[in-house]
Amino acid sequence: ILNVEQSPQSLHVQEGDSTNFTCSFPSSNFYALHWYRWETAKSPEALFVMTLNGDEKKKGRISATLNTKEGYSYLYIKGSQPEDSATYLCAFQAAGNKLTFGGGTRVLVKP
Amino acid sequence: DGGITQSPKYLFRKEGQNVTLSCEQNLNHDAMYWYRQDPGQGLRLIYYSQIVNDFQKGDIAEGYSVSREKKESFPLTVTSAQKNPTAFYLCASSRGQGVKNIQYFGAGTRLSVL
Chain G
1 ILNVEQSPQS LHVQEGDSTN FTCSFPSSNF YALHWYRWET AKSPEALFVM
51 TLNGDEKKKG RISATLNTKE GYSYLYIKGS QPEDSATYLC AFQAAGNKLT
101 FGGGTRVLVK P
Chain U
1001 DGGITQSPKY LFRKEGQNVT LSCEQNLNHD AMYWYRQDPG QGLRLIYYSQ
1051 IVNDFQKGDI AEGYSVSREK KESFPLTVTS AQKNPTAFYL CASSRGQGVK
1101 NIQYFGAGTR LSVL
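Protein chains in written order, with the numbering used here: chain G, 1 to 111; chain U, 1001 to 1114.
Simulated from the structure, these hints should not be mistaken for lab results. Beta carbons are placed, not taken as given, at the ideal position from N, Cα and C, and that holds for glycine. It cannot be assumed that every hint is accurate.
Label-pair ranges, simulated between beta-carbon atoms [what the hints assert, rightly or not]:
#: 1; chain 1: G; residue 1: N67; chain 2: U; residue 2: K1014; range: 47 to 53 Å
#: 2; chain 1: U; residue 1: E1062; chain 2: G; residue 2: S85; range: 24 to 30 Å
#: 3; chain 1: G; residue 1: L11; chain 2: U; residue 2: V1113; range: 31 to 37 Å
#: 4; chain 1: U; residue 1: S1112; chain 2: G; residue 2: E39; range: 21 to 27 Å
#: 5; chain 1: G; residue 1: P111; chain 2: U; residue 2: S1112; range: 32 to 38 Å
Distance condition first, Cα-Cα at most 30 Å in a straight line; then the derived DSSO-like pairs of lysine-lysine [stated by the list, open to error]:
#: 6; chain 1: G; residue 1: K78; chain 2: U; residue 2: K1071
#: 7; chain 1: G; residue 1: K42; chain 2: G; residue 2: K78
#: 8; chain 1: G; residue 1: K69; chain 2: G; residue 2: K110
#: 9; chain 1: G; residue 1: K69; chain 2: G; residue 2: K42
#: 10; chain 1: G; residue 1: K58; chain 2: U; residue 2: K1100
#: 11; chain 1: G; residue 1: K98; chain 2: G; residue 2: K57
#: 12; chain 1: G; residue 1: K42; chain 2: G; residue 2: K98
#: 13; chain 1: U; residue 1: K1009; chain 2: U; residue 2: K1057
#: 14; chain 1: G; residue 1: K69; chain 2: U; residue 2: K1009
#: 15; chain 1: U; residue 1: K1014; chain 2: U; residue 2: K1083
#: 16; chain 1: G; residue 1: K57; chain 2: G; residue 2: K42
#: 17; chain 1: U; residue 1: K1083; chain 2: G; residue 2: K98
#: 18; chain 1: U; residue 1: K1071; chain 2: G; residue 2: K98
#: 19; chain 1: U; residue 1: K1083; chain 2: G; residue 2: K78
#: 20; chain 1: U; residue 1: K1009; chain 2: U; residue 2: K1083
#: 21; chain 1: U; residue 1: K1070; chain 2: G; residue 2: K98
#: 22; chain 1: G; residue 1: K42; chain 2: U; residue 2: K1070
#: 23; chain 1: G; residue 1: K78; chain 2: U; residue 2: K1100
#: 24; chain 1: U; residue 1: K1014; chain 2: G; residue 2: K42
#: 25; chain 1: G; residue 1: K59; chain 2: G; residue 2: K42
#: 26; chain 1: G; residue 1: K98; chain 2: U; residue 2: K1057
#: 27; chain 1: G; residue 1: K57; chain 2: U; residue 2: K1014
#: 28; chain 1: U; residue 1: K1014; chain 2: U; residue 2: K1057
#: 29; chain 1: U; residue 1: K1100; chain 2: U; residue 2: K1057
#: 30; chain 1: G; residue 1: K59; chain 2: U; residue 2: K1070
#: 31; chain 1: U; residue 1: K1009; chain 2: G; residue 2: K98
#: 32; chain 1: U; residue 1: K1071; chain 2: G; residue 2: K58
#: 33; chain 1: G; residue 1: K78; chain 2: G; residue 2: K110
#: 34; chain 1: U; residue 1: K1009; chain 2: G; residue 2: K42
#: 35; chain 1: U; residue 1: K1071; chain 2: U; residue 2: K1100
#: 36; chain 1: U; residue 1: K1071; chain 2: G; residue 2: K42
#: 37; chain 1: U; residue 1: K1014; chain 2: G; residue 2: K59
#: 38; chain 1: G; residue 1: K69; chain 2: G; residue 2: K57
Here chain G stands alone, though its shape is the one from the complex (with noise of 0.2 Å):
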């Protein structure tokens, strides 16, 4: 079973502050990252899929960057605001189709 960690675990974020936190994979037999976000009674929706060293993709304020030679990814949230509350996910891809999820990061922009 590969290993796939997120870090923090949770964190509370003030509205307006940027914060970011970690996924850490695997660096060999990469194929791609994926990050989802996971809104409380909602289904989890995928933000990004990253498949070269040093990818950066943007999505609104939201923003990921890729080293896979280190085997981490980094995501980012500029200026929070109270919808961005969500658990997000990253899930490792190796060759295949299978996704291997992080335990998640959970996030709270507080008002």
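Here the structure of chain G is known, so what remains is to put chain U in place on it, guided by the hints.
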């Protein structure tokens, strides 16, 4: 509306009973997946299917069974052999080909033991 439908939303199992969780998709996706989530943990893969009439065990298949007789449907049976079935179960589907294997999820079924 295209998407994945899981039913029921809540399910209760008695000791020694088998229960079946339904998952239907109308996205025309080839691949389907079942995950389990326990409190404070990530999603763990139970079973997956990349094509009709074929499926593979995931990381925690013991005590579960699946079938894939139709492209749209991938039901999960939690058998009496699963001694700790209380969890949140998510079904997902994907095109299943190529690098961008983005998965689309249902709303989940919460299973509890009576």
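_Of the numbered hints stated earlier in the document, which are not met by this structure?_
Violated hints: 2, 6, 8, 9, 14, 19, 27, 30, 32 and 37; rest satisfied.
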